[in-house]
Amino acid sequence: MRTNDHHVFLSMPGTGALGATLARSLAEGQDALTAAGLGRAVLGPVASGRVHVDETICGRAAAGMENFFPLAEARAFAFARKIRGPVGRLVLPMLPLDALYPKLWRAQAARREMPAFDALAPHLLAEPRGWFDLVSELIATLAPRETILLVDPTPAEALAALLPEAGLVAPVAVEPELPDTALAMLQRLHRSGITLPARQLSRLVAFHLRQPQPAPIAAFSELDAARLRRQFAADLDQLTGLPCVRVGAAPQPVVLAAE
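Counted from 1, the sequence shown has number 12 at position 12 by the UniProt record's numbering; the numbering is strictly sequential.
Heads up, some of the hints might be wrong.
Claimed, not checked - Quick list of the computed label-pair ranges, beta carbon to beta carbon:
hint, residue 1, residue 2, range
1, R246, L209, 37 to 43 Å
2, N67, I194, 27 to 33 Å
3, A234, P122, 36 to 42 Å
4, A47, L125, 17 to 23 Å
5, A184, N67, 24 to 30 Å
6, A184, A74, 33 to 39 Å
Derived by calculation from the structure, the hints in this document are not laboratory data.
Every residue, glycine too, gets a C-beta built ideally from N, C-alpha and C.
Required output: the full structure, derived from the provided sequences and hints.
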């Protein structure tokens with residue numbers, strides 16, 4: 001990679017604390033980035049930065065459930081104009097749609113009233129856009145020298161893909177998912193127009209974490225989930241057929257000890 005390249009990690013809704021954990025690791029490793037000649041890590045399209053963690057291109061969870069991030073291409077174009085330089089690595093975390101859509105629903109259900117997931121499932125299954133459409137648009141717009149797709153990565157895997165030269169250590173992200181019984185309770189409160197203060201919400205979640213959980217509140221049927229997994233595999237196959245696209249971080253070179 002060239003020294004003036006911008007390396008970009010796109011933080012996706014549905015991946016929990018991954019983007020925030022990565023951003024924190026980069027902020028704490030600024031000296032290592034400078035020593036490796038990689039430049040400053042920043043949030044978003046800041047022209048003076050060289051390593052970017054961006055959550056605006058894809059947008060929030062609702063954008064994923066409404067035409068699968070339809071504004072990403074236009075936002076990527078604006079991003080490219082702001083950084084005013086070539087993109088070296090573009091790193092994008094991914095999830096199969098049978099896992100991603102429920103996570104997007106859950107992320108919104110924690111904050112506001114939502115239709116039942118079962119009522120939305122037919123619309124989601126009929127959505128013509130998918131990962132191939134999104135990623136191919138981003139590649140065409142940002143023109144990265146290399147695109148790395150990561151399926152449900154850990155923070156360490158994301159760092160290794162984005163900046164293998166830096167040797168940064170990522171903390172283990174621990175973010176327990178809201179239990180389904182807590183989400184069901186929050187939906188009832190949202191429908192009644194009730195918003196809990198942060199402390200009371202924390203107590204509610206802590207209580208429900210100790211309770212037995214029913215069947216998932218947001219999930220596809222087995223047949224529909226299998227169909228979405230096949231679609232995801234087909235999208236990955238198409239994407240890896242594009243130039244300079246791979247799935248997973250490159251293996252680290254083996255260093256042989258001198259005799």
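Verification of the hints:
1. R246 <-> L209: 37 to 43 Å: Holds, at about 38 Å.
2. N67 <-> I194: 27 to 33 Å: 31 Å, holds
3. A234 <-> P122: 36 to 42 Å: With a Cβ separation near 21 Å, A234 and P122 fall outside 36 to 42 Å, so the hint is violated.
4. A47 <-> L125: 17 to 23 Å: 41 Å, violated
5. A184 <-> N67: 24 to 30 Å: For N67 against A184, whose Cβ atoms are near 28 Å apart, the range 24 to 30 Å holds.
6. A184 <-> A74: 33 to 39 Å: With Cβ atoms ~37 Å apart, the hint holds.
Violation of the numbered hints given earlier is confined to hints 3, 4; the remaining hints are satisfied by the structure.
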